[in-house]
Structure formats: structure tokens, C-alpha cells
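Q: Sequence:
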Amino acid sequence: MSTASPGPAQHGQRPIARVLIDSPLPQLDRLFDYGIPEALREQAVAGVRVRVPLRSAGRVADGFIVEIAPPGDYVGVLSELEEVVSAVPVLTPEVWALARKVSERAAGNANDIVRLAVPNRQVRVEKAYLAAEVQTPLAPLHPPARVQGYGDGVIETAIAARSRFAVDAIPLVAEVTPGVWVGEWAVTMAAAAAATLAGGATAILAVPDYRDQEQLASALAAVLPAQRVIRLDAKQSNPDRYRAFLRCLSDDPVVIIGNRSVVYAPAANLGLVALFDDGDPLHSEPLSPYVHTRDAALVRQEQSGCALMFLGHARSTEVERLVEVHWVRVFAPQPAVLPKVVPTAQQSSEDRLAAQARIPSTAWREARAALEFGPVLVQVARPGYAPKLSCADCKRSARCMKCEGPLGQKTSRSTPACNWCGALAVDWRCANCDGERLRFVGSGAGRTAEDLGRAFPGVRVIVADGERPILTVGAEPALIIATRGAEPIAAGGYRAVLLLDGESMIARESLRVAEDCLRWWSNAAALAARRAPIVLVGVGGALASAFVTWRQADFARSELADRRALRFPPAVRVATVTGTVQAVADAVATLGVDGPDILGPVDVEGGGVRTIVRFDYARGAEIAAALRAEVVKSAANRRRALGKAARGPVPVSLKVRFDDVEPFLEQ
DNA sequence: AGCACGCCGACT
DNA sequence: GTCGGCGTGCTC
1 MSTASPGPAQ HGQRPIARVL IDSPLPQLDR LFDYGIPEAL REQAVAGVRV
51 RVPLRSAGRV ADGFIVEIAP PGDYVGVLSE LEEVVSAVPV LTPEVWALAR
101 KVSERAAGNA NDIVRLAVPN RQVRVEKAYL AAEVQTPLAP LHPPARVQGY
151 GDGVIETAIA ARSRFAVDAI PLVAEVTPGV WVGEWAVTMA AAAAATLAGG
201 ATAILAVPDY RDQEQLASAL AAVLPAQRVI RLDAKQSNPD RYRAFLRCLS
251 DDPVVIIGNR SVVYAPAANL GLVALFDDGD PLHSEPLSPY VHTRDAALVR
301 QEQSGCALMF LGHARSTEVE RLVEVHWVRV FAPQPAVLPK VVPTAQQSSE
351 DRLAAQARIP STAWREARAA LEFGPVLVQV ARPGYAPKLS CADCKRSARC
401 MKCEGPLGQK TSRSTPACNW CGALAVDWRC ANCDGERLRF VGSGAGRTAE
451 DLGRAFPGVR VIVADGERPI LTVGAEPALI IATRGAEPIA AGGYRAVLLL
501 DGESMIARES LRVAEDCLRW WSNAAALAAR RAPIVLVGVG GALASAFVTW
551 RQADFARSEL ADRRALRFPP AVRVATVTGT VQAVADAVAT LGVDGPDILG
601 PVDVEGGGVR TIVRFDYARG AEIAAALRAE VVKSAANRRR ALGKAARGPV
651 PVSLKVRFDD VEPFLEQ
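Residue numbers for the first sequence follow full-length UniProt numbering, so the first one is 1 and each next one is one higher.
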């Protein structure tokens, strides 16, 4: 047809554009075929942003061309692309394939993954990028430094062979450039990335948080030129992020570092995906469809055939499962590096009677001796001053006068406040005995610092927690009181590490407590100098002995065996199905008679019910597809349900979430 | 989400 | 006989 008029046209055998519409609706989360007008033939390539008509003339939607294909099986009149918004192919075929597979696995929208993978367009940034298209070639690479500590060439060989492997990190700190200290894990990761680049391929490195990212960046700066390293993380401003994203599209081998969504970076010629500390909950994506970095990395490894490395001080049960099914191999430090852990399971009776009963005499001795030489780390469970308060008269726990929440205190001088609603407890009176005086219960970082400051007069005391983050401290003597996960790196390593609140950490009720505690302690222990004493206070049993003997993998193995016996994740997969009674029942019914275990339904707050579906990994794809179909069906019918039950808050009729361990947290 | 299509009660 | 109610279904 040669008419100039817009609208449907006959296309014969001309190629069509398959478009992903940017929409949160599950029923639109699939590809639509569009004709390509003559004027857009050149620009309409896979990956570009487009605007397309949807349903009726005049309405346009944004989207991406996913592929240019011969006419598909769609019979009917095709609409035509309205506009190619930008010439940059931002949704690469590889990333699209990843988004589709990952979202299918989680019964979610591919669009939601694409939103994580492709940052918002920034026109100025894009123009600058296109103008500089004649890129200056990057300087050639030096031969890379070896990956030290695992036997000569072992890691390099595994990367070159595109293996999947788990590496036990070396629990030491290292000076990468004069005055800059990082965890040895960062050195290992940087060297692995350099080896990948030397082989002509790109590496993606994902770490839990920005503190880890700083260490990794320092380690990389020591082995690679700055132009070879790209940061791509959520803390960046939109323009910075888009600029970094566009750089990833280059064909030159680079290292891309960032936190969880960096696994979706558009690397051409991917050689390695590496994760540090995959057990850290920050690797768990809080946005639908809640895909963990580890799972996305596993899918990407299969699709691209790159190497895959899990690196950490404490192996997660998920990685242990992969080890046991021989999906990943294991590398341990060669020779072994064993921190010197001193258990103090039983406190002596003198200790109990002593004024400082929280800190046993062994710990005091180690701290006192170590403070002669350098910094001492004290890990505590809670921030603030006193995590809890009670009535000084009747000893009952003090409750908020507004919402009955527990009271706590931030600093020694601040007004007590409710831990739930934040209301200040002024003119507080005990609901039980009408007492007016409060008493501190337990010690947060602040109160611990005060106690230790009194015990070690003249020693500098530094508090590091989520609110007052401190990344590094010097080599001079000081007491560093840190909440778990907020420990600074000390130049040269800590001369002693005291893990004070093991007992209360372990008292938390959760499926993962033991695993989490071992990880928190191991990560803190890895900040110690070689041979420095690490004192674990008040914890005994299998968990403590795994820590003392530095056999985290053995612990993960027995933990996984326990989960297998109980059919708990990650020994099996789970999905939660939440919504109206009817929708949940219908969805579960489609799973068939020889289907998975069905637990529930139970009522959830806000109305509706939740059912847990539990099944073996092999059935995951089938169950995800079935539940996904139900979500689409119920989304299309939702307004009907809304219309009928017009009064009161109506819950979304059906939600599905895979690999959600939350329902297993309270056992 | 929007928006069109379609089958039953009050109106010129 | 027709106008229009919103229940139902689709979007290349």
C-alpha cells in the first residue's frame, strides 16, 4: 500500500515489531505485534523504546520493541508503531530473555523485571552518549593479578571454563592501596573480575550494600583502570544511573558493580556473575515479583553460559542445596585460614555476680590485652541506649500509653519513646501499679559504649550503627561498638572482636536465625587481624561449635538436612497465594489432585485469606504457570468483584508470591 | 486501566 | 418503537 494515511495497513510478508507494553496489568504483560511504517524501518530495531496505539485510536502506550520478526500467528489487522522514542536499544535481547524467564519462574510480570533492568530515560544523558558514540578505545589491560589464596590458577581456570562455584571467603582484611583496607573477599572478587576481563569478557559483581560496594570499588581500583569499572546502583541519581547503564552497552569488557539489580545489567559478552554474601537479606528484592539476586543470577548463568561465583564467609542453605545437587562446585582457601575463636558458653558464677555480668571475664581480659595494640570491635544486637524499659516499681514491661507498644530509649538523656508508634512517653504512668519511674532493661550500643567507656577510662569509644554509619577506623587503640552489619573496617584488622549479644540474637524466632547469626558473627570475625582473639559470648551448642571450628559449610549442610525433614524452604519451594476466599480456592484447585502440599487457607489482616503451596523444585515451572494464569484471569475480572462488594476495603482478588519465607518465620 | 460492545427498563 | 443502564471482555 502506498497511501500516506496512518492506521492499519496490509503488510503481506513484511516483518513486524513485537512490543512489550509498559503496563502494570498482568493481562497486558505479553508481546503485541505491530506493523512497521516505512518511515520507521531504519530505527525500529530490537530494544528501542517505542510508542504504540492500544485498543482505540488516540490512546498510546509506551513500550519496547523486543524483537523484529516475520509475521506471527496473530490474525487480524495490525496497528502500526506510532513512534520510535529513542534510537538506543536499551532492552537487549539477552536481558529480555532473562526478564521473561525470571518473571515466569516467579509467576510475575516481565514488565516489573524490565523496570529494574532498564533505568528511566534521561534525554540529556542520552544525547551526550550518542554524540560521543565514536568511543575512544579503552587502554589495553595489564596482565591481571592472580586470585590469591585458593591454589595457583584454580579460580581463573574455573572462570575460563565458565563453571558455577561457591567460594569460602578468606576471613582477613587486606591493604589494597596505602592506607586503604578492605575485606579479603573484595580482593578475591576484584581479582576474579580482572581474570574475566583478561579473557575478553565482562564481569557483573553484586554486593548487598553500599559499604561492601565501597570496599569492592577500592579493591578494583588497585587492579583495573577506572574506565573499566562501572557502578550501577540504586543510590545513584537518575542521570548517573542512566549514564552508567549506557556505558554497559559497550562491547568492551568491563566490570559492572552494584547491588541486587545489577544482575540485570546489559552486559554484552558476559563472562562472570559473582555475588558476595548471598545470605544477606538485602539481596532479596522487595519489589514484585520479589526475585532474589541469587535466583536471577542462576537463570542468567544458564542463559548466557557465563561463570557464576558465590562468595561469602558463611554459606547460605540455598547455596548448600546447589552444592549438594552438584550444580555448583566448592572452593575453600588453600591453605585454610582459621580465625581464633574463643567460646565462652558457660559463664562462671563469679561472672554472673560481677557487676558487668553481660561481659564474661575472658572477654574482659582479651579486650584489655588487645587495647594495648589497636582497635577492638564489640558487636551488639541493638542500636540505641536501652532497647526496653520496665516499671521501676512493679518490674512489668513498660508500655506506650497510646498504643500499648514497648518503650525504648535512644540515648542516655533522651525521653523514652514507643518502639512502634514513636510517641514520646512524657508523664508516663504504669498501667499496672501507677508507678512513675522507669528502669532500663538490656543494653543497646549506646549503653554498652557507656559501660565499656567507664571500664576502660582513657580509651576512645566509637559507636557505629545504622544511624551513624562509620566505614573505617584507624589502627590506634579504640573500642568500636557496632550493631551487627554496621561494623567498620579497621586498618590492619581488629586486635580482638567481642560478639556480645549472641544469646539474644539467637532468641529471635525465625526460620533463619541460626543461619543469620552464623553469618553475622562470621562477617565480624573476618574483620579481625590474623590470630586476633574472637570471643563469642554466651552461646553454646552446634551453632557455636560450627563458628569456633570455622566450619560454616558443615553447619549449612545440617541446617538444610533439618529443613528437608520438615519440608521447609529452601529444601522445597513455596509460594503464597493471597486474596479473596473464592479466588484463592479457585487458584489452588487448578493445581490438580496430585499437586503440591496445600497449607491453609488462613485469614490475613485486611481481609482475605492466604494459602501456602509447597512443592519440589522440579514442579516449579508448571505451578508458576498455573498460578500465573489464575492471576491474569482474576485481574481481568476484578472490577466485577469490586462493584459488588463496594463497601469496605476490597483486597486485590489474587496475589501470588514465590519463595517467600515470611510465613515460615514464626514457627 | 480505559473503552467498546451488548442485552433489558422508562421515554417520545 | 428507541435511549441508555452498566455487566463483560479486550487490548496487536
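FYI, nobody ran anything at the bench for these hints, they're computed from the structure. Keep in mind it's a predicted model, so treat the numbers as computed, not measured. Just so you know, not all the hints are guaranteed correct.
Unchecked claim - Each pair of labels, with its calculated beta carbon distance range: (1) N120 <-> P281: 22 to 28 angstroms; (2) R121 <-> D427: 51 to 57 angstroms; (3) E605 <-> W327: 37 to 43 angstroms; (4) I470 <-> P281: 19 to 25 angstroms; (5) G151 <-> E605: 50 to 56 angstroms.
Just so you know, even glycine gets a beta-carbon here, dropped at the ideal spot from N, CA and C.
Q: Of all the hints numbered above, which does this structure not satisfy? Sort the numbers upward.
A: none
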